[in-house]
Amino acid sequence: MSNIKIDIKTVQHIAKLSKLQINEAQAQEYSEQLTKIMGFFDKISNLPTDGIEPLVTPTEIESFWREDKDENNYTSEEMVANAPSRQGSLFKVPPVV
Amino acid sequence: MEITFSSLKQISDAIKTKQTSAVEVTKHFLSRIEKLDKKLNSYVLVNDQAVAEAQLIDDKIQKGEKLGLLAGVPFGIKDMLCTKNLRTTAGSKILENFIPPYDSTVVKKLKAAGVVVLGKLNQDEFAMGSSNETSFFGAVKNPWNTDYVPGGSSGGSAAAQAARLAAGTIGTDTGGSIRQPASFCGVVGVKPTYGRVSRYGIIAYASSLDQAGPMVSSVEDAALTLEVICGHDELDGTSSQKSVPHFASKLNSDIKGMRIGILEEAMKDGLHPDVEKTVQNGIETLKKLGAEIVPVSLSLIENSIPVYYLIAASEASSNLARYDGVRYGFRAEMRESSATLDDFYAMTRGIGFGAEVQRRIMIGTFCLSSGYYDAYYTKACQVRRLIKNEYDEAFKKCDVILSPVASTAAFKIGDRITDPLKMYLNDIFTTSTNLAGLPGMSVPFGLSKERLPIGLQLTAQAFEEQKLLNVGLALENASSIKKEQPHVI
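Chains as they are written, first to last, in this note's numbering: chain A, 1 to 97; chain B, 1001 to 1489.
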């Protein structure tokens, strides 16, 4: 798989999935860069890993439970304080339907 | 009292015994920032409440109240860590106006110990970078030579600490982001075991790899800071419940009989001669101190870069999905009334994220997408287990592994930023530590011909930070760089 090519069309598809608006010039640049990067990353494809359990978190997680109670009593004002646009204590977005 | 070069303990003791005051110490560092940071760009924000917060510590002293381990000691905090009512950006345009309503657990613990937050430190955007050149707020410069990078992603922390623009700093490390800049700027940096330090309130990059840790001027300062920031936190589901040792009081530079593993793969071709010499000097030093030197091998280490980047990018693509321009952060202006909800998100994220962040989101999205998941993400996680297994084998033969932090000292600003893959390859010796969840450390030990610092990396088994610190102390005592000063100080 080391001849993997991430062409402009693939980049545009990935950008769409990633919710990233990019222009033609960016797509061209990302295509070249990602092809090179993924080509290099592909070297792991030849390593024998049959039957190896994937490691998704590095240490044994000692699971613990905490009581489900509300402790952080933020005000609605605090919660919307960072909103780019708001109306009272509500988040405001442009009409998008 | 001499403040600039004092240890954290000396500063705190002097404040507690009223030889100086928290306000005086804070003002001292603020004036240093004012005077010197124009040359470095290490701070993205100076806390205008710092003096007022220091005054609260002095008030406590006046009233004879109980004080924490770091009472009155001013720290700079990497901008990945949320600070209540103090802007936190992760070095990104998308968070350029974000003011958290809460403190990250690390900052909460530091404040509880009496730390005064001086300000927020520059970094690569979302900690994605190895040179601090991807920051929305501009590159940070290396205090030893301002033509050079300070390393990354915690470049602001490393530069500020090296130039003594804080008594101590905090960085984060996902694939080397504490250890590599610590090496490049000649400071001590510790990445704790995964789970040792709570990730609550630290802006998430790659959740199975991220850890915060101290970037300070000495091993003793690192030990003291670790005592404060480590410990169980019920707000982080991966937080360890193991008790935290008194790292500082248990510091012991007597390493006689300790087994130090030398990473064979790291000593092959490709190391810069100055780095190789520094590692050899480190080995000789430890030998003289009575340590037993044993060769160890991590045959898969060259695969740690693909494995790390595939996993980190996958996790990042998911973690960064939250930046949608609705609840906080940057929002693109919508000009066309026909735009859809997807257009709204895509415009915001297209402008709000820089190129390196976009690349990693796309790599991650690609790896996790239908048809590629098993070939990339699952495969990377399988190799991750094999790398961890190799570490387990290596630690049957030794207590601590010694290796370079990076194959070179700091490189020039602009040298690698145009070639992302070249930048990634820089992380060859640091990423495997995060993949295996182990504690790692960088201790300043040598200087390159260009008079740039070179650190040595130490790695230990999970939760064995004390061993790292003890070997680190032994190296520090013999370090040739101890008496050297950066250019900007």
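None of these hints come from the bench; they were simulated from the model. Hints may be right or wrong, so weigh each one.
Keeping only pairs whose Cα atoms sit at most 20 Å apart, straight-line, the calculated EDC-like set for lysine to aspartate or glutamate is [what the hints assert, rightly or not]:
no.	chain 1	residue 1	chain 2	residue 2
1	A	36	B	1356
2	B	1084	A	71
3	A	9	B	1343
4	A	92	B	1333
5	A	92	B	1324
6	A	36	B	1390
7	A	16	B	1324
8	B	1288	B	1254
9	B	1250	B	1264
10	B	1422	A	32
11	A	16	B	1236
12	A	16	B	1343
13	B	1287	B	1302
14	A	36	B	1333
15	B	1242	A	60
16	B	1084	A	77
17	B	1009	B	1336
18	A	43	B	1254
19	A	9	B	1342
20	A	5	B	1419
Okay, the hints, checked on the actual structure:
1. A/36 <-> B/1356: Cα-Cα ~15 Å, so holds.
2. B/1084 <-> A/71: 17 Å, holds
3. A/9 <-> B/1343: Holds: residue 9 of chain A and residue 1343 of chain B sit about 18 Å apart, inside 20 Å.
4. A/92 <-> B/1333: Holds - the C-alpha atoms of residue 1333 of chain B and residue 92 of chain A are around 13 Å apart, at most 20 Å.
5. A/92 <-> B/1324: This hinted pair holds, its Cα atoms lying about 13 Å apart.
6. A/36 <-> B/1390: 28 Å, violated
7. A/16 <-> B/1324: Holds: residue 16 of chain A and residue 1324 of chain B sit about 14 Å apart, inside 20 Å.
8. B/1288 <-> B/1254: 11 Å, holds
9. B/1250 <-> B/1264: This hinted pair is violated, its Cα atoms lying about 31 Å apart.
10. B/1422 <-> A/32: Holds. Residue 1422 of chain B to residue 32 of chain A sits at ~14 Å (cutoff 20 Å).
11. A/16 <-> B/1236: 32 Å, violated
12. A/16 <-> B/1343: Distance of about 10 Å is within 20 Å: holds.
13. B/1287 <-> B/1302: It is violated: about 28 Å lies between the C-alpha atoms, which goes past 20 Å.
14. A/36 <-> B/1333: 34 Å, violated
15. B/1242 <-> A/60: Holds, because 12 Å separates the two Cα atoms, which is no more than 20 Å.
16. B/1084 <-> A/77: Distance of about 15 Å is within 20 Å: holds.
17. B/1009 <-> B/1336: Distance of about 59 Å is beyond 20 Å: violated.
18. A/43 <-> B/1254: Violated: residue 43 of chain A and residue 1254 of chain B sit about 43 Å apart, past 20 Å.
19. A/9 <-> B/1342: 19 Å, holds
20. A/5 <-> B/1419: Given that 20 Å is the threshold and the Cα spacing comes to 18 Å, the pair holds.
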